[in-house]
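Same order as they appear, the protein sequences are chains A and B. Final position of the first sequence in the working numbering is 375; the numbers increase by one with none missing. Final position of the second sequence in the working numbering is 1005; the numbers increase by one with none missing.
Read the hints as simulated data drawn from the structure, not as lab findings. Values in this document were obtained by computation on a predicted structure and should not be read as measured data. Heads up, the beta-carbon is just placed ideally off N, CA and C, and yes, glycines get one too. There could be a bad hint or two in this list.
Heads up, incomplete: computed chain B residues facing chain A, CB under 8 Å, no partners named [said to hold, decoys possible]:
1) 223
2) 248
3) 251
4) 254
5) 712
6) 898
7) 919
8) 939
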Amino acid sequence: MTDLQSLDITRRSATTGTPPDIRHQPAVAKLIDVSRCIGCKACQSACMEWNDLRPEMETFEGSYDNPSDLNPAAWTVMRFTEWENEAGNLEWLIRKDGCMHCSDPGCLKACPSPGAIVQYANGIVDFISENCIGCGYCVKGCPFNIPRISQEDHRAYKCTLCSDRVSVGLEPACVKTCPTGAILFGAKEDMTAWAQERIVDLKERGFANAGLYDPPEVGGTHVMYVLHHADRPSLYAGLPDKPRIDPLVWLWKGMFKPIALAGLGFAAIAGFVHWVVAGPNEVQPEDEVHGREILDHKDEK
Amino acid sequence: MTNTWQDIKNADVVLVMGGNAAEAHPCGFKWVIEAKIHNHAKLVVVDPRFTRTASVADYYVPIRPGTDIAFLSGAMRYLLEKDAIQHDYVRTYTNAALIVKEGFGFDEGLFSGYSAEKKDYDRSSWDYELGDDGFAKADPSFQHPRCVLNLLKQHVSRYTPEVVERICGTPRDKFLMVCDLFASTAAPDKALTSLFALGWTQHSVGSQNIRSMAMVQLLLGNIGVAGGGMNALRGHSNIQGLTDVGLLSNAMPGYLTLPKDSEPRFADYMKTRQFKPLRAGEVSYWQNYRKFFVSLQKSVYGAAATADNDWAYDWLPKLDVPNYDILRAFEMMNSGQINGYICQGFNPLQAFPNKQKIRTALGKLKWLAVMDPLETETACFWQNHGAKNPSDPSKIQTEVFMLPTTSFAEEDGSLTNSARWVQWHWKAADAPGEARSDIAIMAGLFRRIQAMYRKDGGAFPDPILNLSWDYLDDAHPTPEELAKEINGRTLTDWKDAAGATVLKAGQLLDGFAQLRDDGTTTSGCWIYTGVWTERGNIMGRRDAFDPRDQGLAPNWAFAWPANRRVLYNRASADLEGKPWNPNKPLIAWNGTKWEGIDVPDFVPTSDPKAGVGPFIMQAEGVARLFARDQMREGPFPEHYEPLESPVLNLLHPTVSSNPMARVFDFDRAQFGKVADFPYVGTTYRLTEHFHYWTKHGLMNAILQPEEFAEVGEALAKEKGIGQGDWIKLSSKRGEVICKAYVTKRLKPMMVDGKPCHVIGLPLHWGFTGAALKGFGANTLTPFVGDANTETPEFKAFLVNVEKAPGPVA
């Protein structure tokens, strides 16, 4: 567990123990200002470049969404929604989708493999592939439907928030490439303050419900959106209005796991008691005879 | 662009019409976002289709393709009627007050001087009434019925909001809302910027589309000011450089013009290029034409160009037609008059209209040499790719040479951006395989051709034998050598007033003001003089210092002309020389000279009291609301329907489309009728691709893999087309079978009471590259050109659509 300090890891899947906690790491956040995003996909391109990803070329299927969904080699995609507002005017809502880096990550909670999912002190949630067993529990645990399991190596993949770049003081690749400054990166506090200025501007331009998407249901996120319609996040290609971790994860972590562990313990104790009381299980002479008969018959055939 | 990319942030209103800046220029579009966020600018998008630019706009306004002049003429009518114009600017800085000749007129869609027989105009009546002094007469009180302002009022009076709605299909309230936004910038301290691109140029009335907006901007006083201007967003990183250095068929470098065959002698040529001022005291800077011309000839022919041989004038080609543009070239190939073709950095089989005609024409050539970094469709035109390129190689005799070239990243050189910034770039990587630079290939070709002329003689060897070729290595002129040659040198010692030598013979000039017409200076392109001086490579400067943070960055690279960042910037100050907008000044008169954060586009010591006009390139010193004889179809813009249109011209059905549009008889026979092709087709680009290049890149192909067409929900429903269904699009010229994107972003427009459906075709796919194979939108487009530039009409034509059973091979 030496990496807990050197990598500033604060949480580690399927691991108990308290991480070291004296180093100061401000929480970071990526702010996606949907109101200034032009859907150019430069972020998708930069993500592919930086992370050396080449998702399979798909076909056209009736929208600009390409690749059509997140996949093990597509960690971010633009989702385009044509929506007619109450005034009858069209709005083309374009949202960059990808891992939200929840403060309270459902994936990490659900993960049964020690150290396959970690959360750094700055808030980034990262997958450590060599520890991943490909069980897919993270997929179930994610309230935003983000992780994807590779059919090639049976491991889970998603946006790392460029943890490799951030750890050496660089912004994520998508942030660096965004031509309109729709994706910003910095201390979560600063991003939240800037978002408030943007919201004032949007309200002046007639978007009465403009707001910041930083859902408290998952403890807030380290990827936040400025939305023109923050009262209805689901307009943006199904961004959850109220994201929540699947109750099954709570069931597994909160109730099922202790019961199951108790069950395991009980079986072990019962076995021991049986050994003490009834003694070990030994081969009896009649078993030897029976076995010989079986072998002889086999030879005849 | 009159202004700079960065200057867009100074705008109060950003109009994107005739373009799709967010999608086609995503990097430059950041300055629109800046304007919105930091200048509280309003962004309005006028487009047939709800684009990605519209997705971040404050207002989206639909318009039928090919009706922009009606829209903008309606806006002019509104501004004039509501008196929402900048009065001092219009009176003093435009030709509004000048009086037009008695014979000028307009009737039933035709201006005076039209000959039905010649299908051409005698443009002599399209000019000012001159006084006995030879100067144009003016009436600044606007009482004279034939002053430009009154003629303009009369001309646009027909474009009422009702007429605009009937022609354009734009709902009246939305049109009036745009007019109000325009009007808000008539205040001297407010500015509107016009961002446009191929959405305006690619029409049979393309030049007049742009003129219309320029006139709106002049009425509002928005030309020459920070955050204003007419800003053509160029589609290729160096297409501005292409036109600057004269790669147009009728131009020489620096917008000098090639002689016509009616100008056999140099004296004939210069007679029509005097540019004498049309008003007393005006600068009329083109009066220096001879200096630019002689310096160019000295640059091209060196010592062989002398006063005695009229600076080698005889060696220049003389045009027997207005120009040999690309449409004409392919028409001539198709009719067997051109039979060899060097195709450099161009993919006409994808890029020019009526693909079948282009393919057939290429197949009639004896030889075709393609210089390109990529294996283009043009180079492979002879291959059979089924319906997507139905060639039969056994029937094609054309010998094809493919000469792989370096790309921009594999060589040093300069690129001129939309803002006229000539920026040097440095080689980043070696070219693969046998690729050579374009310069090396052209040099090799030239040296061999010259050797053949030297050995064998020929009908006219002089222009080839005498060409100046003064490079360290004849076979490989370097980009640095060429840049210096373009900049120009003095051939004699230059002395200042005190007699001290400032420049020695052979040294590089500082600017075009030093050019002379006596053969003692050279310059390969006068507007580029200053790019590489004795101080070094000015294009290589990378100092981002930006005084007043107004987006000029004067020490970054070089902006032609004379490192001026905003053209016509004298017009940013009032009659006394004070900035109209004190918060965003460009230059001001300080009592003895003009100074400010930009290089004055004016005589620096010219006192405003002298009343010299701010548009110093014009003989009359003022900007033209009335274009005189400079436009082929008329001095005022007039709405003409596209050559293929669903309706006749509402204003003059007998002269429905532009009488001066470039149409050959062969192509007129290939126009469709609305009965067979009832919908309007339009073509465009997507952010994910650059023309036909990036489909060769896997990542771009992943982002937009496959050809499709956009069909509005209403039409799709009518035709039983579902999302992602296969459809067949057809025009009189061909068929495209692709997938349908059924969208809310294309809505039928009510045109004169009838619904008009628009179908959109992104144009990126062909039969080479990494993406899935496609037909290419130019399979459908008509072989029609703008009347002035011959730019093809890619933005408005007729198509039909029906459901297709499935894909074709």
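Checklist entry - Does residue 712 of chain B pass the interface check with chain A, least Cβ-Cβ distance below 8 Å? => result violated (45 Å)
Checklist entry - Can residue 898 of chain B be said to touch chain A, with a Cβ gap under 8 Å? => result Since chain A brings a Cβ to about 5 Å from residue 898 of chain B, closer than 8 Å, the hint holds.
Item to check | When the least beta-carbon distance from residue 251 of chain B to chain A is tested against 8 Å, hint result | outcome: holds (4 Å)
Next on the checklist: Take the shortest C-beta to C-beta distance between residue 248 of chain B and chain A; is it under 8 Å?
Outcome noted: holds (5 Å)
Item to check | Hinted contact residue 223 of chain B with chain A - closest CB pair below 8 Å | outcome: Since the shortest Cβ distance to chain A is 5 Å, the answer is holds.
Item to check | Hint validity - residue 939 of chain B Cβ closer than 8 Å to any chain A Cβ | outcome: Check passed: Cβ of residue 939 of chain B comes within 6 Å of chain A, closer than 8 Å.
Checklist entry - Given residue 919 of chain B was flagged as interface, is its beta-carbon under 8 Å from a beta-carbon of chain A? => result holds (4 Å)
Checklist entry - Once the shortest beta carbon distance from residue 254 of chain B to chain A is found, is it less than 8 Å? => result Since the shortest Cβ distance to chain A is 6 Å, the answer is holds.
Comparing the model with each earlier hint shows a violation of hint 5 alone; every other hint is respected.
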